Amino acid sequence: MSLNYLLKRLLATLLTLWLVSLVVFGITQVLPGNAAQMILGEFATPEALEALERRLGLDAPVWLQYARWAGGILVGDWGTSTGTSLPVFGQVVENLGRSMVLAGIALFVVTLLAVPLGVMAAVRRGGVVDASVSVFSYLGVSLPEFVTATLLVVFLARPEIGLFPAGGYAPLSAGLWPFLSHLILPVSALTLILMAHISRQTRSEMVDVLGAEFVRTATLKGLSRRQVLVKHALRNAMLPTVTVIALDVGYLIGGIVVVEEVFAFPGLGRLLLFAIQNRDLPLLQGAAVTMAGVYALANLAADLAYAWLDRRIQYE
Amino acid sequence: MNAPDSIEGLSIDGLSVSYRTARGNLSVLRDVSLAIAPGEVVGLVGESGSGKSTLAYAIVNYLAENARVEGGSIRFAGEPLLGAAPDRLAAIRGKLVGMVYQDPSTALNPALRLGEQVAEVLRRHEGLDARAAAARTAELLAMVRLPDPRFIMRRFPHEVSGGEKQRVLIAMAFACRPRLLVFDEPTTALDATTAASILDLIRALQAETGAAVLYITHDLGIVAQITRRIAVIYGGAIVEAGETARVLRAPRHFYTRMLLASAPNPFSADARLHRRLVSFHGLPPDLHAPPPGCIFAARCPAVRDACREGVRALDGPSAQRSACLRAEEAAGFDLLAAEPVRPAIVAGAQAAGRTEAPLFSAEEVRVEYVRHPLLDQIMRRPASRVSAVAGVSFALAEGETLGLIGESGCGKSTLARALVGLRPFAGRLRLGDLAAEGGGAFPPGWRRAAQIVFQHPDQSLNPRMRVGEIIGRPLRLHQGLAGAALEKAAAGWLDRVRLPGSYARRFPHELSGGEKQRVAIARAFAPGPRLVVADEVTSGLDVSVQAAILNLLAELQETERTAMILISHDLNMVQRFADRIAVMYLGQIVEERRVSGPLAPPLHPYAEALLAAAPVPEPGLAARRVRLDGALPSPANPPPGCRFTTRCPRRLGDVCDTPPPWRALGPGHRALCHIEPAALAAIPPIWDRADSGSGGGPDKEGAPP
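For the protein sequence lines, the chains are F and S, in the order given. Position one of the first sequence corresponds to residue 248 (my numbering), numbered consecutively onward. Position one of the second sequence corresponds to residue 311 (my numbering), numbered consecutively onward.
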């Protein structure tokens, strides 16, 4: 991977983040009402509002407000939540951590299941595995998250069954089982959703690679079927799959609002929802910027991983 | 081929294979028998769709999923290979039977280091541990003449050249000392000079190991060089088999005869064939329902009713067996009697002493590819400049054809694109009364006057436009035609390129490769250009299709009086179709000359190497060995003096590190070289009659004056 490529990708990511900050800040500007109004409520006197606006710096020109806000984001001063009166930064970091635990485990499980299934489907095209992976994964993508998640709660977390808690979160310090039992249902829901992505991707790449001439070369060298599949075919088929997996990290951390809400999982998505419901502007800004940041970094990681794995990519 | 029914070698008996397709059974091989004794090199010659690859891969039981073996057997050293158990098969592949493939760039795994790709074969079949396998790999890579094997072992495929990749694949094929090797067009994807060295290597390794070899190719020139016996396959059946020299000299099947006649052979003495090749009519047989009788009957110029009946099998003495009913007549048959060949227009531009002002001229044309990466811009480092065309000048008269010859990377295609206005360039171009300065805009009318036909019609024809629109668009744009007049003109062009009028409503994907190229040619000639650039227009086509395309180009050019630049890597073809030849190397023209008959000294040393590397389908003609060492230098950093000096077998010394002068070698003949004209003239002839033993090349005997 050339230094040029790295530099280009890095600059593109920074540009994306900057644009995101503009959009997030812009949205909070055009929303009716401002932070001062949120804090003081509907019946505040104009004088009190004006005083608080001055104290919060809301009377300054927009560009100055943006500069102060963006500067704060950079140094870790993300403001104070108007809903909880706690520093936004701490809350975001805490919830991000939990989301990352959920995402990490889900990703691990998905990869572990989807890649071998995709390979099997490709090797025996039109076979039983291929058909069931197809049906199963299409089911996964076509059912909305809230349906999948709700079904899981209804069938596996009903009080009369009581296999798993229906929601919430327990830290690892509370013991291994409580920690895991709170994760099993949300992880299952996410796995169902992402399964399709990764198994279909693996399958189609694998089908392409199995038709490639270097796989013929490997076979006609007399290598075992397993060596041909794993060492020669899968290694090449995984290149684009790695990108998809890295992009799914972005989805898992930022986009799982619905799953977190159904399982009352205190992650970043739920925090964002809370901020919206409470019109908590500083918290909303912080959570939104973080999500966008995670997406952008996941994209960057995907590009870099691909360039590192496929050494032919040098430029562009 | 009833070669010794040896228990040792390979014997294929009565093999029939079919593919199940949506349209029914496709009968790709029918009752094919072939034997190869140990130490013997047998060539299998055929065009695409002939079944030659199916035959090759059937030997190692590697057939498509929809393939079915209908009958017959393949045995090696007495052991049946068809239907061998998977374990046994894996033990045979790579160990007993080695294979080398057509395209080395796709045959190697892009994600594994080259050393590992060789070493794994050794670990698998020879039971070597990692260390021993690595050591043996280094030996093997040295054996295939790769300098610095340890360095190559650590490289990935994309980091080495095509020729080096093919050497690695050959090392892989020979790794376990196999007793049978199958070469599937191993030099087709390579440049001529590289291909020549690879053929040398294959020959040497075969002689050293005594392995039996099946060499598959479409190139009669190559089989003439490396095989002792050949089998010619057409439509899934072997139509002729025997000793190579006999088959090439006096073919006993009309397909072989026509294949030989349609290949551009500079030594062909028939003056009626000036700028024309014998071409095949009709299409290959539909193997969904193979016709009874002779498989070639539908396209045969000598067909009789009896040819269409019964089953034609190989017949005759083992030295040369044929499936033709009129085998005796094939060699002497006058193919041209059946060919609508008009009297050659030899006069024209080729006539010596022509003085009129040229129609087209290029002066000091330069094309650079500039790359300025972000990091370098920030560091204020200069942009990297690759000069793909480094000062090229030439002129062309009306109706004249310039053959532009060179290997990949020489800049010929870049030059072509610059000439028709597809790439910015520096220098001056003139075409009729139009003039274009480098850096400036092309004058209006240039794009009409200068047209190009590209190599791949699949990519150059818009897949969403009907053929009628493709041809009609330049007519509308440049001649203002519309409505019925436009349709009529487009239909007229279809007719001129010998396509039925109904094709106007077809899409490109409904046409064969040769038909697509005809459409591309019609599109180029339709606006009435004065210059047509034909960039490797027949490279992707079979020999039999190529002949018809070249005939068509020559015919259109002669009637339209168009100047033509015929870009090709095929020296044989250019010698037959061009009035003049320009040889390009690393962005420069190094030799320019008129053509009349086979090229002979004086020659630029690079042209000498190119000529020696071009296989000629003429039995008994042996080329003097001239091989180039080293790799093509990067055009980003060319040698400061003579650009060819790093690989020149005739390098004089330090003087070659200074820019060479143009040497006049005769009328209209010059070379860019430090060597004195007298010394260049003293270069011995390239071709020699190997059998007659006498000196004096055919350039003194059979060539037209």
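Errors might be hidden in some of the hints.
Partner residues aside, some chain S positions facing chain F, computed with beta carbon under 8 Å [stated by the list, open to error]:
1. Val431
2. Met482
3. Arg690
4. Gly790
If you're looking for bench data, these hints aren't it; they were derived computationally from the structure. Since the structure is predicted, the reported quantities are computational estimates derived from the model, not experimental observations. For every residue, glycine included, the Cβ atom is placed at its ideal position computed from N, Cα and C.
Hints, verified against the model:
{"no.": "1", "hint": "Val431", "verdict": "holds, 5 Å"}
{"no.": "2", "hint": "Met482", "verdict": "holds, 7 Å"}
{"no.": "3", "hint": "Arg690", "verdict": "violated, 15 Å"}
{"no.": "4", "hint": "Gly790", "verdict": "violated, 41 Å"}
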